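Number of protein chains: 4
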Amino acid sequence: MQQIENFKSIIDKYKVVFFDAFGVLKNYNGILPGIEKTFEYLEAQRKEYYIVTNDASRSPYQLADSFHKSGLNIIKADRIISSGMLTKEYLDLQVRDGIVAYLGTTKSAHYIESSGLHTLPISEINDTNINKVSALVFLDDEGFDWAKDLNKAVNLIRKRTIPVIVANTDRAYPLTVSDVSIAIGGIAAMIESVVGKQFIRFGKPDSQMFMFAYDMAREQLKINKTDIVMVGDTLNTDILGGNKFGLDTVLVLSGNTLAKDFSTRITATGISPTYICESAVIEGGDLGF
Amino acid sequence: MQQIENFKSIIDKYKVVFFDAFGVLKNYNGILPGIEKTFEYLEAQRKEYYIVTNDASRSPYQLADSFHKSGLNIIKADRIISSGMLTKEYLDLQVRDGIVAYLGTTKSAHYIESSGLHTLPISEINDTNINKVSALVFLDDEGFDWAKDLNKAVNLIRKRTIPVIVANTDRAYPLTVSDVSIAIGGIAAMIESVVGKQFIRFGKPDSQMFMFAYDMAREQLKINKTDIVMVGDTLNTDILGGNKFGLDTVLVLSGNTLAKDFSTRITATGISPTYICESAVIEGGDLGF
Amino acid sequence: MQQIENFKSIIDKYKVVFFDAFGVLKNYNGILPGIEKTFEYLEAQRKEYYIVTNDASRSPYQLADSFHKSGLNIIKADRIISSGMLTKEYLDLQVRDGIVAYLGTTKSAHYIESSGLHTLPISEINDTNINKVSALVFLDDEGFDWAKDLNKAVNLIRKRTIPVIVANTDRAYPLTVSDVSIAIGGIAAMIESVVGKQFIRFGKPDSQMFMFAYDMAREQLKINKTDIVMVGDTLNTDILGGNKFGLDTVLVLSGNTLAKDFSTRITATGISPTYICESAVIEGGDLGF
Amino acid sequence: MQQIENFKSIIDKYKVVFFDAFGVLKNYNGILPGIEKTFEYLEAQRKEYYIVTNDASRSPYQLADSFHKSGLNIIKADRIISSGMLTKEYLDLQVRDGIVAYLGTTKSAHYIESSGLHTLPISEINDTNINKVSALVFLDDEGFDWAKDLNKAVNLIRKRTIPVIVANTDRAYPLTVSDVSIAIGGIAAMIESVVGKQFIRFGKPDSQMFMFAYDMAREQLKINKTDIVMVGDTLNTDILGGNKFGLDTVLVLSGNTLAKDFSTRITATGISPTYICESAVIEGGDLGF
Chain B
1 MQQIENFKSI IDKYKVVFFD AFGVLKNYNG ILPGIEKTFE YLEAQRKEYY
51 IVTNDASRSP YQLADSFHKS GLNIIKADRI ISSGMLTKEY LDLQVRDGIV
101 AYLGTTKSAH YIESSGLHTL PISEINDTNI NKVSALVFLD DEGFDWAKDL
151 NKAVNLIRKR TIPVIVANTD RAYPLTVSDV SIAIGGIAAM IESVVGKQFI
201 RFGKPDSQMF MFAYDMAREQ LKINKTDIVM VGDTLNTDIL GGNKFGLDTV
251 LVLSGNTLAK DFSTRITATG ISPTYICESA VIEGGDLGF
Chain L
1 MQQIENFKSI IDKYKVVFFD AFGVLKNYNG ILPGIEKTFE YLEAQRKEYY
51 IVTNDASRSP YQLADSFHKS GLNIIKADRI ISSGMLTKEY LDLQVRDGIV
101 AYLGTTKSAH YIESSGLHTL PISEINDTNI NKVSALVFLD DEGFDWAKDL
151 NKAVNLIRKR TIPVIVANTD RAYPLTVSDV SIAIGGIAAM IESVVGKQFI
201 RFGKPDSQMF MFAYDMAREQ LKINKTDIVM VGDTLNTDIL GGNKFGLDTV
251 LVLSGNTLAK DFSTRITATG ISPTYICESA VIEGGDLGF
Chain G
1 MQQIENFKSI IDKYKVVFFD AFGVLKNYNG ILPGIEKTFE YLEAQRKEYY
51 IVTNDASRSP YQLADSFHKS GLNIIKADRI ISSGMLTKEY LDLQVRDGIV
101 AYLGTTKSAH YIESSGLHTL PISEINDTNI NKVSALVFLD DEGFDWAKDL
151 NKAVNLIRKR TIPVIVANTD RAYPLTVSDV SIAIGGIAAM IESVVGKQFI
201 RFGKPDSQMF MFAYDMAREQ LKINKTDIVM VGDTLNTDIL GGNKFGLDTV
251 LVLSGNTLAK DFSTRITATG ISPTYICESA VIEGGDLGF
Chain Y
1 MQQIENFKSI IDKYKVVFFD AFGVLKNYNG ILPGIEKTFE YLEAQRKEYY
51 IVTNDASRSP YQLADSFHKS GLNIIKADRI ISSGMLTKEY LDLQVRDGIV
101 AYLGTTKSAH YIESSGLHTL PISEINDTNI NKVSALVFLD DEGFDWAKDL
151 NKAVNLIRKR TIPVIVANTD RAYPLTVSDV SIAIGGIAAM IESVVGKQFI
201 RFGKPDSQMF MFAYDMAREQ LKINKTDIVM VGDTLNTDIL GGNKFGLDTV
251 LVLSGNTLAK DFSTRITATG ISPTYICESA VIEGGDLGF
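Chains as they are written, first to last, in my numbering: chain B, 1 to 289; chain L, 1 to 289; chain G, 1 to 289; chain Y, 1 to 289.
In short, the hints are calculated from the structure, not lab data.
This structure is a prediction, so every number in the text was calculated from the model and none was measured.
Honestly, I wouldn't trust all of these hints.
Since the list gives no way to pick one copy over another, a pair counts as held whenever it fits inside one copy or between any two copies.
Using 25 Å as the maximum straight-line C-alpha spacing, the simulated DSS-like pairs for lysine-lysine come out as follows [what the hints assert, rightly or not]:
{"#": "1", "residue 1": "Lys26", "residue 2": "Lys107"}
{"#": "2", "residue 1": "Lys69", "residue 2": "Lys260"}
{"#": "3", "residue 1": "Lys88", "residue 2": "Lys13"}
{"#": "4", "residue 1": "Lys107", "residue 2": "Lys159"}
{"#": "5", "residue 1": "Lys76", "residue 2": "Lys15"}
{"#": "6", "residue 1": "Lys13", "residue 2": "Lys225"}
{"#": "7", "residue 1": "Lys107", "residue 2": "Lys47"}
{"#": "8", "residue 1": "Lys148", "residue 2": "Lys107"}
{"#": "9", "residue 1": "Lys15", "residue 2": "Lys47"}
{"#": "10", "residue 1": "Lys47", "residue 2": "Lys88"}
{"#": "11", "residue 1": "Lys159", "residue 2": "Lys225"}
{"#": "12", "residue 1": "Lys69", "residue 2": "Lys15"}
{"#": "13", "residue 1": "Lys222", "residue 2": "Lys88"}
{"#": "14", "residue 1": "Lys26", "residue 2": "Lys159"}
{"#": "15", "residue 1": "Lys15", "residue 2": "Lys88"}
{"#": "16", "residue 1": "Lys260", "residue 2": "Lys159"}
{"#": "17", "residue 1": "Lys197", "residue 2": "Lys260"}
{"#": "18", "residue 1": "Lys197", "residue 2": "Lys88"}
{"#": "19", "residue 1": "Lys132", "residue 2": "Lys15"}
{"#": "20", "residue 1": "Lys107", "residue 2": "Lys222"}
{"#": "21", "residue 1": "Lys88", "residue 2": "Lys132"}
{"#": "22", "residue 1": "Lys148", "residue 2": "Lys8"}
{"#": "23", "residue 1": "Lys76", "residue 2": "Lys37"}
Bound-form chain B, shown alone (with noise of 0.2 Å):
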C-alpha cells in the first residue's frame, strides 16, 4: 500500500501546482479549513498555481467571487482555467453565427455568448427559430426543467446536424456527505445515448484543460512538464488525466476518494497517483517561511 506523505515536502519539489477545486479547496462544507495557508506559502516561494476544474456553471470571476466570498480571498479570476471557457473557446472558434441553444442557468449561459452568437436556452426553442440553432450546449444541471427540455432536446438534435458540447464530463457531485447529484455530464450521456451521436466533450481527464493551464504557466516561467504537479480528489479525472498529460499527481483524501478505500480503489481502476496526501492544506508547523 502506498505511502501518505506531507503535502508541503511534495510541492517543494515542484515550480507549478495545478488544484482540482471541488474536493480539494472546498466542499459541501464551504472551504477547507486552513487551505489559503497553502495559497500564501505559493505565492511567498514565487510558485506558480492554477485551479483546473470540470465547472461550467459559472465563468472564472464569478468563481472566484464564490472563492472570495467563503473567505479565500487569494486566488484571482486569471488563475482559474474550467471547462466552461473550453467551451466558450470552442464557439468563438467554431460557431459563427446563429442560435446557441443550451441546457443550463442564464448565468452560465451569459459568459459562453460570444460576438455574433446569441444565446436562448432549450425551453425557447420552437418551429421559427430552430432552423437557425447552430450548436446546443449542455452548461448545467440546474436552471431548465428536465422532463421538458430534456425531450426538447432530443428531438433537437435529432432534426438538426449541429455540434452539441458536454461542457463538464462528471456524472455525478457530492452534495453532503452522504447524498450526490446529477451532474450535466451524466445527463448528456443518456442523451448521446437517445440519439446514438457523438457529442463533444469538455473537461478532465481530457488532456484540453492541461494544456489549456500549461500554455498559461509557460506564459510566466520558463518550465516544462515535469515541474508541474497535479492535486486532485478523484482518480478517474484529476490523476488519471494529469497522468496521461505527463504530469506528476497527488490524490488528496479530502474529497470522492476516501482514506479507507483509496488502496481498493487505485487497484481496481489501475490508475496510481504518484503521490497521496491527507489534504492539500498544510499544517502551521510546516510553513517555516
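Dock chains L, G and Y against the given chain B, drawing on the hints supplied.
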C-alpha cells in the same frame, strides 16, 4: 433486398401470432385503420394471438380498455403480455415485504402491488422509511418530477442494496410523426451508469416475455415454436427478440422502421426478419372467408 | 453483512435445485471433494436437479463424461443444460440450410450440427463458399488461430447479413488459482464492437437457459418457481439470472466469489443472493439419512 | 447536402495544414497519385504542414522512410506526429525505470525505448521478471501470438497495478478495397473490458496529438488556431478531433468515408466537417504557380 410480402399469406402458415402493440396495432394517431379485420380473421381461423408489449405504464386491463376506447374491441386483457406483468411476477416471487419505491404514475404502480408489499412514489421516501424500502421500480416516464426524483433514486440506490427493476427496456418512443419522447428505459440507463450497479430489466428483446406468451399459447393449443410468428416494427426488440427465442418474424413498416430505410437498417444491425410486410392490416379483398 | 448458512438446511426447503458447474461442482483442480454426497442426498430425497452451465465447448454427453472421468458418476447427460444446447436449438429452428461457420474446436462444432446444415471452421471460408454461409457461431476460445481467424470473422460479418451467435456469455474463466483465460464471450464482444452489429447471445444471466431447465423439471414434477433454488458462484450470471427468472438463489464461495470479498461485491453490484454458503458440499455428519 | 469543394481553394485560406496519413496521403494501393504536387505547392507557398497519424507501429523516421520508398520524397520525419510519439513522451515523463512490456513488433518497441527503461515483448514476461514490469504498452496488432500473449496481458494487468498504454485508438484499418483488419486499439478495448480497468489512450480524436502539432507549428510561425485546417478521411477521429481542438476541417473522400455515403454518415454521427473535397490532390491545372 428482401421482398415485401402479403401479410395474410404469411399468417396463413402459422397457428399462433404474437403482435407488438405500438407501431403495429396503433401509433400516435391511434388505432391503425382496418387492423380489427386482422383479428376477426384470426378468430375465424381459430388461430391464437397475443400482444407482447414493452409497456409497464398500465395493467393488461387498462391496455385492453384503451384499445376498446379507440375502436379495437376484439382484444381482451388475457391476450396481453406486458413487461409490467413480468415486473409484477418478479415482485410476487422475490420481494416478500416492505416498501416498493417507484418512478411512474400512480396508475402504473397500482397493478404491480402484491400482497405484503406497499408501493410508494420515490418522492415520499425519506429518512424514516428508507430502511423499509425493499425494491425500486422504474415504471413510466410520467408521474414524477425528473430533477428531484431521479436524484432521490440515485441516492436511494447508493444507500441501500436492493433490487432495481426496469419494467420497460425502450430508450425512446414516438410521440408524433416527427418527435420522440425519452422512455423510462432511457432514464434508467442513465441512473445505472451514474451509480455503477446492474439493474434487472424486463422487456423485449429478452426472451422472458416470449416465454410467458409461449406458455399461455401452449395451454390453449398443442404447438411448438415453429407454429408461431412474431410481428413487430422494431428490429432490435421485436425481431431480435423473436428470432433469438426461435420464432419466425415479420417486420412491418407501419412504425419505427420505414419503407425508405428498412434495407439499410437490416444491413447495418445484422438483424434480419423472416418476412417484411407493409403492415399487419389484411386488405378487404384478401379476407375471402 | 449476510450470514453464511448450512447448505443442506437450504436445499431441504426446495423440490428442485439448479447448479452451475464451474466453481460449484468443479474448479481448475477437478471435482470438489465430497460433492457426490450432495447428489446422493438429492436422489435419496427424490429432489430434481439440473446443471445449468455457460459451456458451449462440448455436448451434454461429453460434459457428463468428463464428470464421470473425474469421479462424479451420478450426473447423467440429461441433467445438463448448456448454452451450447440453446445454440443448437436456435440453428434447428432458424437456420435451415447452408454453411454454419464457427470459431471453436471440431468437437464443439459436431454437436451443434443439424440436418440440412454443414459446419465449417472459419479458416475454411473462402471466396467460393462465403455466399453459402448462413450463420456464424462463437463456440470456444480454442481450436482456431486468433489473429488470422478473428480477422476472417470480422470480414465475413461485414460482407454478409447473417445471424452471429455467441454460445457463451462469459468474458473470462479461471485457469489456475491465480490466472484467468479470455473466454469466447470476451472475444465475441470485441468483434461486436469492431463491426458495430448486434450478436445473439445465449447463456446466463439471460433467462432462456433457466426456462429450458424449468420446462424439463416441470415434465418430472408438478412445481412452480418457488420450489426451485439456483446455486452458483458468480453474482452477475448465476445469481442475477436466477433472481431475474424469479428463483431463490444460493451464492457459494468455492469459485469466482471469495469469502473475503463477497460482501463488498454484493454491495458494489447491487446483486443479492437469497442465501450464502461455503460450498455445495454436504458435510458427512449432515446427511443423516 | 454539403457541397464538394476544390481542395486548393481551401488551403489557400490557411497558413498551416495538418494531414492524416492513411486514407489521405496513401491507401492499401500505396501513395495517392499526384499527392506530391500538394506538398510542392505548400512548400512553394511557404505554408507549414504536419502529418498527424494514429500509427504507433513505427517511428517518424521509419514512417518518412516508407513515404520515400513509395515515391513521396518531400515529407521529412520532423513533419510527422504519431500516437507512438505521445506514448514515448509518456514513458519518458512518467515511467522512470523497470521493464516496459509490449504487444507489437520489435520495430515498434525500439523507438519507444527511453533511458532507464528496458522493453520486453509480453511473451518474455515470467515469474522472475513480472515484478519489475512498470508499464504495458499496446503498440501494433502484429509481432505476437494473439491467443497466448493476450491471455498473458490479461493476467499481467490483473496482478500488477501498472499504467497500461494504448498507442493507437483505431479499432480497425482497411487492408484491401473490401477487407479490414482488427487494429491494436480494438484488441486493447477487449482486454480493457475483460479486466475492468481504465487504460491510457493516445491518438485522435483526443486533442493531445493536435496540441503536439500546434506547438511545433507555433515554433515556426506566429499563428493561432484559426490559421490551421485539418485534412482527414475519418469523421470520428480526424474531423471530430480537429473540430474539438478548434480547427477548421476538410473531409476527403479518398479513404474511410465514401462519396456515396458521406452525407448519411454526417447526419448519423452529427460530426460535420467545415469542407468536403474529393481528395487532397491538387489538380495539375490548379497549381498555376
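Verification of the hints:
1. When the C-alpha separation of Lys26 and Lys107 is checked against a cutoff of 25 Å, the pair qualifies only within one copy, where the shortest distance is 21 Å, while the shortest distance between copies is 44 Å.
2. For a Cα distance limit of 25 Å, the shortest separation of Lys69 from Lys260 qualifies neither inside one copy, at 32 Å, nor across copies, at 48 Å.
3. Taking the shortest alpha-carbon separations for Lys88 and Lys13, only the inter-copy value of 24 Å comes in at or below 25 Å, while the best intra-copy value is 34 Å.
4. For a Cα distance limit of 25 Å, the shortest separation of Lys107 from Lys159 qualifies neither inside one copy, at 27 Å, nor across copies, at 33 Å.
5. Taking the closest pair of Cα atoms, Lys76 and Lys15 come within 25 Å of each other only inside a single copy of the chain (19 Å); across copies the shortest separation is 36 Å, beyond that limit.
6. For the identical chains of this complex, Lys13 and Lys225 are intra-copy neighbours only, at 13 Å inside a copy versus 34 Å across copies, given an alpha-carbon limit of 25 Å.
7. With identical chains, the CA atoms of Lys107 and Lys47 are never at most 25 Å apart, being 32 Å at best within one copy and 42 Å at best between copies.
8. Taking identical chains as interchangeable, the C-alpha atoms of Lys148 and Lys107 lie at most 25 Å apart whether they share a chain (20 Å) or sit on different chains (21 Å).
9. In this homomeric assembly, Lys15 and Lys47 come within 25 Å of each other (Cα to Cα) only inside a single copy, at 5 Å, whereas the closest approach across copies is 36 Å.
10. In the homo-oligomer, the alpha carbons of Lys47 and Lys88 never lie at most 25 Å apart, since the shortest distance is 28 Å inside one protomer and 28 Å across protomers.
11. Taking CA atoms no more than 25 Å apart as the test, Lys159 paired with Lys225 passes in neither setting, with 44 Å inside one copy and 30 Å between copies.
12. Taking CA atoms no more than 25 Å apart as the test, Lys69 paired with Lys15 passes in neither setting, with 28 Å inside one copy and 46 Å between copies.
13. Taking the shortest Cα distances, Lys222 and Lys88 sit within 25 Å of each other only across copies (23 Å), while inside one copy they are farther apart (27 Å).
14. With identical chains, the CA atoms of Lys26 and Lys159 are at most 25 Å apart between copies only, with a shortest distance of 24 Å across copies and 41 Å within one.
15. In this assembly of identical chains, Lys15 and Lys88 lie within 25 Å of each other by CA distance solely across copies; the values are 24 Å between and 29 Å within a copy.
16. In this assembly of identical chains, Lys260 and Lys159 lie within 25 Å of each other by CA distance solely across copies; the values are 17 Å between and 49 Å within a copy.
17. With identical chains, the CA atoms of Lys197 and Lys260 are at most 25 Å apart between copies only, with a shortest distance of 20 Å across copies and 39 Å within one.
18. In this assembly of identical chains, Lys197 and Lys88 lie within 25 Å of each other by CA distance solely inside one copy; the values are 22 Å within and 33 Å between copies.
19. In the homo-oligomer, the alpha carbons of Lys132 and Lys15 never lie at most 25 Å apart, since the shortest distance is 48 Å inside one protomer and 31 Å across protomers.
20. For the identical chains of this complex, Lys107 and Lys222 are neighbours neither inside a copy (36 Å) nor across copies (35 Å), given an alpha-carbon limit of 25 Å.
21. For a Cα distance limit of 25 Å, the shortest separation of Lys88 from Lys132 inside one copy, 19 Å, qualifies, whereas the shortest one across copies, 45 Å, does not.
22. When the C-alpha separation of Lys148 and Lys8 is checked against a cutoff of 25 Å, the pair qualifies neither within a copy, at 50 Å, nor between copies, at 42 Å.
23. Within a single copy, Lys76 and Lys37 get their C-alpha atoms as close as 15 Å, which meets the 25 Å cut-off; across copies the closest is 51 Å, which misses it.
Consistency with the previously given hints fails for numbers 2, 4, 7, 10, 11, 12, 19, 20 and 22, ordered from lowest to highest.
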